[in-house]
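Student: Sequence:
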Amino acid sequence: MTSSNATPSAFGWDFQANLGLYLIMDEDLKQIKKFKIEGETEDIEIYYRDTTERKPKFIQAKSQENPISDGTTSKHLSNALSSLLQVVTKVSGEYSELIYGTNIEIPIRARVKQKLFEGNRIKLYYKELPEQFQTKIDGIVDVSEITSEELMSFKERFSILKISFYGQDNETRYKVVQEKVTSKLRSLGIEQYKCNRIFYYFQKEFIQNASKRVEYSIEDLGLTIILFSFEDEENWSFNNLDIPEELISRIKAEFSNYILEKQLDFQFISQLVGDYKKYSMTTPYIPSSQKIQHFVNDTFSNYSDYFLQKTTNVNQELIDCIIKVTIYRILINRVGIETITEGMALNEIY
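When we follow the UniProt record's numbering, the leftmost residue of the sequence shown carries the number 1, and every step to the right adds one.
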């Protein structure tokens with residue numbers, strides 16, 4: 001978990017990373033191609049799959065440790081608008097939406113409707129703002145160097161998103177973001193107790209991602225969610241498949257990562273699950289509780305081409321055990337894998 005004890009600049013990084021996490025989980029993940037935190041063009045950038053024909057979304061993030069202070073509100077608004085106006089030129093108008101994301105309770109100071117942005121999450125487009133707020137924005141954007149057509153398009157696609165994000169207590173500060181992440185993960189079939197682990201992992205990952213300017217693909221996101229969704233069945237597979245004790249220790253020490261990579265190979269998973277479904281239909285006499293175990297023992301040799309080959313250091317018995325363990329773990333988690341894959345349309349990528 002990130003620390004709440006932070007300098008203003010660290011608080012800004014914390015907010016930007018968490019806002020990015022919030023926005024991604026607020027999207028239809030079936031439409032996302034990739035996203036960036038601290039991108040080359042804006043603080044947060046979201047790109048959509050070609051099939052959606054949607055243009056990218058760009059977000060400028062500004063925050064205050066004290067969200068009700070008016071000390072830097074106008075400066076943040078001006079800087080955010082200036083940055084988003086530059087996006088218009090940088091991407092030659094190829095964008096679907098430009099967002100000023102903030103935690104400031106009154107992001108526009110115009111002496112009217114100070115409670116307009118009250119609430120944990122409020123998003124309003126330019127055309128939805130009171131006239132005085134629009135005038136405040138106009139005073140900044142109308143003097144820009146973009147063309148009148150570009151300016152009109154800017155105002156049509158510009159919005160302000162405010163989410164609650166404040167306090168030294170982690171539950172208070174991250175409440176809105178964590179609820180959004182949990183809601184999305186639950187819709188993908190993730191159990192409640194696993195959602196917190198995934199949330200904290202992504203918090204840390206997004207902050208590191210921001211500092212490295214690394215693209216994060218929807219495949220990366222999906223594989224990570226699948227990884228965290230796996231049941232802790234390591235010992236189940238060894239015990240149920242009667243793996244020799246001397247090989248268990250070696251598999252754990254030398255081949256855990258290799259097995260994990262195979263567990264995240266969508267093409268292999270697709271074939272394996274399909275084969276298992278056919279096997280299940282033709283073996284109604286095998287109890288459901290034993291069916292995976294029987295399938296593994298009966299068919300593991302059919303998948304030898306997908307795995308490492310025999311060498312002087314790796315004998316056939318060890319390879320067979322690795323294949324069995326991998327197949328067993330995939331099938332134990334097959335329902336969760338399928339639910340996440342379908343919920344994020346990951347199978348459309350491969």
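Treat the hints as calculated values from the structure; they're not laboratory data.
There could be a bad hint or two in this list.
[As the list claims (entries may be wrong)] With a cut-off of at most 25 Å between alpha-carbon atoms, the simulated DMTMM-like pairs for lysine to aspartate or glutamate come out as follows:
1) 55 with 94
2) 57 with 150
3) 30 with 342
4) 30 with 261
5) 30 with 150
6) 155 with 191
7) 123 with 28
8) 123 with 94
9) 175 with 70
10) 57 with 70
Bear in mind that the values here come from a model prediction, so they are computed numbers and not experimental data.
Student: Hint by hint, note whether the structure agrees.
Tutor: Do the hints match the structure? See the list:
no.: 1; hint: 55 with 94; in the structure: holds (6 Å)
no.: 2; hint: 57 with 150; in the structure: holds (16 Å)
no.: 3; hint: 30 with 342; in the structure: holds (8 Å)
no.: 4; hint: 30 with 261; in the structure: holds (23 Å)
no.: 5; hint: 30 with 150; in the structure: violated (30 Å)
no.: 6; hint: 155 with 191; in the structure: violated (41 Å)
no.: 7; hint: 123 with 28; in the structure: holds (17 Å)
no.: 8; hint: 123 with 94; in the structure: holds (22 Å)
no.: 9; hint: 175 with 70; in the structure: holds (23 Å)
no.: 10; hint: 57 with 70; in the structure: violated (28 Å)
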